[in-house]
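The listed protein sequences correspond, in order, to chains R and V.
Residue numbering for the first sequence follows UniProt numbering, beginning at 1 and increasing consecutively.
Residue numbering for the second sequence follows UniProt numbering, beginning at 1 and increasing consecutively.
No lab work stands behind these hints: they were computed from the structure.
Be aware that one or more of the hints could be misleading.
Stated by the list, open to error - Here are the computed distance ranges between Cβ atoms for each label pair: (1) R:E8 - V:G24: 57 to 67 Å; (2) V:A230 - R:W34: 23 to 33 Å; (3) R:W34 - V:N204: 12 to 22 Å; (4) R:C61 - V:H773: 18 to 28 Å; (5) R:S21 - V:N204: 23 to 33 Å; (6) V:T646 - R:Y23: 45 to 55 Å.
None of the values given here were measured: they were computed from a predicted structure.
A virtual CB, placed ideally from N, CA and C, is assigned to each residue, including glycine.
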Amino acid sequence: MTSSGPTERFHVLAQLEHLQSKYTGCGHADMNRWEWVVNQHRDSLASIIGHPDHLSYVAICENETRARAQYNLLCRMVQPCGPPPEKSPLDDL
Amino acid sequence: MHLYNLTLQGVTAINCAAHGSFSGLTKQQEVCVAKGSILQLLYCDPKTGKISVLCSHEIFGIIRSLLAFRLTGGTKDYIVVGSDSGRIVVLEYLPQKRAFDRVHQETYGKTGCRRVVPGQYLAVDPKGRAVIIGAVERQKLVYIMNRDAQANLTISSPLEAHKNYSICFAICGIDVGFENPTFACLEIDYEDADHDPTGAAAKNAQQTLTFYELDLGLNHVVRKYAEPVAERGNNLISVPGGHDGPSGVIVCCENYLVYKNLGDQPDVRCPIPRRRNELDDSDRSLMIICSATHKTKAMYFFLVQSEQGDIFKVTLETEGDIVSEMRIKYFDTIPPANSMCILKTGFLFVASEFGNHQLYQIARLADDDDEPEFSSRTPLEEGETFFYMTRGLQNLVLVDQIDSLNPLISAHIEDLVNEDAPQIYALCGRGPRSTLRILRNGLEVSEMAVSELPGNPNAVWTVKRNIDDQFDTYIIVSFLNATLVLSIGETVEEVTDSGFLGTTPTLGCGLIGEDSLLQIYPSGIRHIKVDRRVNEWKAPPRRPITKCAINRRQVVISLAGGEIVYFELDMSNQLREYSERREMPSDVLCMSLSEVPEGELRSRFLTVGLADRTVRIISLDPSDCLAPLSMQALPSDPESLMVMETPGEETGTSSIIHLNIGLSNGCLLRTTLDQVTGDLTDNRTRYLGTKPVKLFRVKIQKRDALLASSSRAWLFYSYQNRFHLTPLSYTALEHSSSFSSEQCAEGIVAIAENTLRILALEKLGAVFNQVTHPLKYTPRKYVVHKASGNFISIETDYSAFTEKAKRRRRNELAEEIENLAKDPDEKAIAEEMAHSIRNYEPDEAIFGAPRAQIGKWASAVRMISAQGEAAFSISLVQFRSQHDAVFVLVGCAIDLQLRPRVCQSGCIYTFLLTQNGSRFEFIHRTLTDEAVNAIHDFRGMALIGVGSKLRMYDFGKKKLLAKCETRVGLFQIHIYKNNNFSNNIKQ
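Construct all of the structure, not just a fragment, from the sequences and the given hints.
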């Protein structure tokens, strides 16, 4: 790369920030394990809800109606992997 | 390049449905349904109550939501489709073309069913000014709909109504009249929960009902107002506004229905009633799974369906603009649905979530019956609710069903009953509505009438008396030495004054000219005029007529020895013989004339099948009459010929003429006949059966269709712009003809052995004919015992009761009531109630099964059932130590909980198959330490996946004996692993 310089770097950063704000679930450099897993779970849960056949599959397994299965999955999206880990004071350094 | 696939049996599950007047005809409503990737338009005929498919379109994507909307003042509904394409698509149905037309297609995001890409939810402003499309999380887009100067639908660029960190449960449009369009959303904000390590924020996360207003003046969307909801909801119902009602929204929450509106309106909260004395876990909340709104100028009401399938009628009482009371009343019970549509013609279309879809007629609106009506005004403690008793259908009448295989758990293709074609054994359904369906390739035939005849007839025809008649007048049945004429009316009766000669067999008959009848018999032709005058043409002595072909103006006969005589109707309606006859090189086996084309005097071609294995085309044009045009050699003797015209798809395009040749070796040959030169091109052959193929013309949906009868009867017809050649699921037919009467507008009359049958075909387009056997629980797996052709299945349901447990629970309930009673009066009542509880056994296929607590299972190996044990695997095993016996091994998990996954132990049931596989005997039960997920026969022992271990078991007297084990991967792989592993070990 020839045109590397501080402006270029800022430009990339700005682009990344733009992507992160546009696409929920985009990772960033300081992401921890919990955030990563939570995003994965939310993505999967949303995908199950979005595919009608997959939702039926869950409904049959749990012997629930499809509407109830969808409701349960939506509720689980709020916190799919338990509470976030305690923030260690080192994080802010 | 077009790549496409055609499925034999399309998707039968309906995920969403929307109704509206899509064809734009007043008072006609259609239902648009999404079957997986197929978009279909259904029409429910209000006269017959039958559902028919108007149009079906494969979209090669996943349809997630459907919506019907109508512009203000419009008369035609458009369809909005939310799919996985990252686009909003607006469709219009064109009734002339019988096709959907894409009006708009706006891209807004990536493809796929993603978390933040809209497509999951759709809602419309009730005045049709704006459509909102939402994602599961964050994104919502609003499109403004309008019309331009040419009255075409226009769509605006999207307006964002995004909200970060919010999960959307439901969206609906609020009826605000002509004020700014407003949408209500049920949302949960999870931002706090993501930053609270104690977990308290997540626990207290509250659902909010948020109103988004589209400011038409400023062209943007504002988040107008958000209000927390006490219980979490899953569904929103828009309430009519303006002149028709109070506007606002009903939130369907767990256990409650809550009416909310902007402004001074206080919440009106009504508990969802529960079934009296149900066996369900009483701590379980109750939810509304779908709803339908009915609105006329005078009134409106809602039908909401609970999880158990019970429908309630909900009405609102108003004082001025303020809603004062919500009333709820038990309506009827039908299987749980994905969507319901109330049609203006008084029908309720129900897209069941699993199993067949139904069409009900709404016979009563539950206005004045003795069913109790519950009100939100009744003072109740928190958590208390109303109770009602379930009963059979009272307000709804089932009129039609659409077969659905959904959910298809497993299927097996084999010829177990030794028919000539294999059957598909499909395990379908869920819970008490599960079925084993046997599918056979064939069209279902409904038998309208069967009557015995004095002998074995050899041919049958129907004729009209006049060309303008709508229905047929006579059925003519020909025997070896006689002809029987039956008149068609209220009943079918023999007549003798028809003018037909009854003492001779008939070779052919039909209507000729406007109103005369024609009978061809071996020694002559009989032309019967309308005033019963008869003109006869006698065949030359010792040269009887062998074959004939007729249409409305032409008659061709062949005399013994292969001479062809041609007659044509002249201007004075007399049959005139053509001056020449034509000698054929060998005997004539069959002949056919096509119908006279519209606006012409004659059909131009005669097709003749000869004993020298050829088919010849002979011109009937006056300029070269009876001159041979072309011929085609055949692999075997022609048995029957039929020239059929297929009209072009659209009016104005020319039609195609096909020549169908039935061969004596059981094949059907179809070639295209050139309309100018008479050349034969494009041969197609299909094997139909073991007997010679005879061809008959019948009417299907007012178009000519071909009935081919060999050892089976086949129907070749055009349906929804495609040709179908389908066998009929019926006995072999000797001879047949089309049939039309007042009772049966479009049927078939046929003879088989010594019976005359009148048949109707209703399920056109269906590939399979189904035979259904009900099952008790959700079927999981099966094995086939080849020697006996028996089918052994295991059925398991999560949190369900077995028969025994249900009886015990009923007894407990009854005892509770008896113990509560103190003085003798109360006791007597209590005893009566207890008695009724003990004997109350509702049909679970209709009312649904009661739910037990979490972690309970009910399973059955068809006959044997156990509580708490979930059967997961089944296999036929032959142990080396027991040479001549076949065992059925069923692996179970004991007390398995799905979430989080906890399992105490497992067990294996061993059954001995006796009486050649028709009975099984319980031998023993082997306990294992983990759930048994897979079983496989392997070298005279059973290879069994127990939890994460793979074990080898041998047969023992008291239980199965573990021989060796190895630790392998995880649970899920097991199903595939067994085959792989046994292969590996063999190597």
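Against the structure, the hints:
1. The supplied range of 57 to 67 Å is met by E8 (chain R) and G24 (chain V), whose beta-carbon atoms lie about 58 Å from each other.
2. At roughly 31 Å, the beta-carbon separation of A230 (chain V) and W34 (chain R) lies within the given 23 to 33 Å, and the hint holds.
3. Taking 12 to 22 Å as the suggested C-beta distance range, the pair W34 (chain R) and N204 (chain V) conforms, at roughly 20 Å.
4. Hint check: C61 (chain R) to H773 (chain V), Cβ distance near 24 Å, so the stated range 18 to 28 Å holds.
5. For the hinted restraint 23 to 33 Å between S21 (chain R) and N204 (chain V), the CB-CB distance of approximately 27 Å keeps it satisfied.
6. A hinted range of 45 to 55 Å holds for the C-beta pair T646 (chain V) and Y23 (chain R), which are about 53 Å apart.
Comparing the model with each numbered hint stated earlier shows that all of them hold.
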